[in-house]
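Listed below are the residues making up each chain.
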Amino acid sequence: DTEVTQTPKHLVMGMTNKKSLKCEQHMGHRAMYWYKQKAKKPPELMFVYSYEKLSINESVPSRFSPECPNSSLLNLHLHALQPEDSALYLCASSQDRLGPDTQYFGPGTRLTVL
Amino acid sequence: AQSVAQPEDQVNVAEGNPLTVKCTYSVSGNPYLFWYVQYPNRGLQFLLKYITGDNLVKGSYGFEAEFNKSQTSFHLKKPSALVSDSALYFCAVRDNRGSQGNLIFGKGTKLSVKP
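Protein chains in written order, with the numbering used here: chain U, 1 to 114; chain G, 1 to 115.
FYI, nobody ran anything at the bench for these hints, they're computed from the structure. Some clues are possibly wrong.
Here chain G is said to cover these stretches of chain U; the calculated rule only asks that three of the stretch's residues, wherever they fall, bring their Cβ under 8 Å from a Cβ of chain G [said to hold, decoys possible]:
1. 35-44
2. 99-106
Sample of chain G residues with no beta-carbon within 10 Å of chain U, all distances over it, derived [claimed, not checked]:
3. P18
4. R42
5. S73
6. L103
7. K110
All figures in this text were calculated on a predicted structure; none of them were measured in a lab. Where a beta carbon is used, it is the ideal one built from N, C-alpha and C, also for glycine.
Given only the sequences and the hints, what does the whole structure look like? Please build it.
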């Protein structure tokens, strides 16, 4: 089983709202990732967690706040977003952060900021 | 600099014909190379990867890719295209600088297979 699940599938929020995206995997992977993807563009890495600790933060604005409560779960807390933050947000996981391990992606959350 | 190039924005193929989606890379050391496919409004699906060994890698849905070290290429191929193969294809390489390890993606190639 190589499934990564994400909820919700779609999210519409105003610029003053607070919302969270959730990601879950039960493959025993120790690395989890958040990506942002604009239409017809490649995914852009936002955050990487390795063994439940934040390893990489690609200079993401503080209105995005990641959290890794345990080895299976990854959250992305959203607050005071801008319309340009509208995108597909993808979660991925891999056995480890380094080496040739495959990253498996979830179906994504389509976020619209009004 | 570590990078991946997909020189074609779009590839058009007739159903039943062979298809090739091109990818070249630039990394230091030995590359770990990946191909993913993305259907509209979906996440990325892993197709295949090259780590070491045989230069011809076989993957999901009848796809294969050929690693060519001298040309620094990793082209995706399929002997007979299906209409259902129409999607966006991404080539990626693992960033093996120091403690990075994240994927570096090409810009993507849209594959259109016509009946």
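Hints, one by one, checked against the model:
By the rule of at least three residues with a Cβ nearer than 8 Å to a Cβ of chain G, the coverage given for the stretch 35-44 of chain U holds, with 4 such residues. Counting residues of the stretch 99-106 of chain U whose CB falls under 8 Å from any CB of chain G gives 7; the rule of at least 3 is met. No beta-carbon of chain U comes within 10 Å of the beta-carbon of P18(G); the shortest separation is about 25 Å. At roughly 6 Å from the closest C-beta of chain U, the C-beta of R42(G) falls inside 10 Å, breaking its exclusion from the interface.
With a least beta-carbon separation of about 18 Å from chain U, S73(G) lies farther than 10 Å from that chain, consistent with its non-interface assignment. Under the 10 Å C-beta cut-off, the non-interface status given to L103(G) relative to chain U is violated; the minimum distance is some 6 Å. Against the 10 Å criterion, K110(G) falls within the reach of chain U, whose nearest CB is about 8 Å from its own CB.
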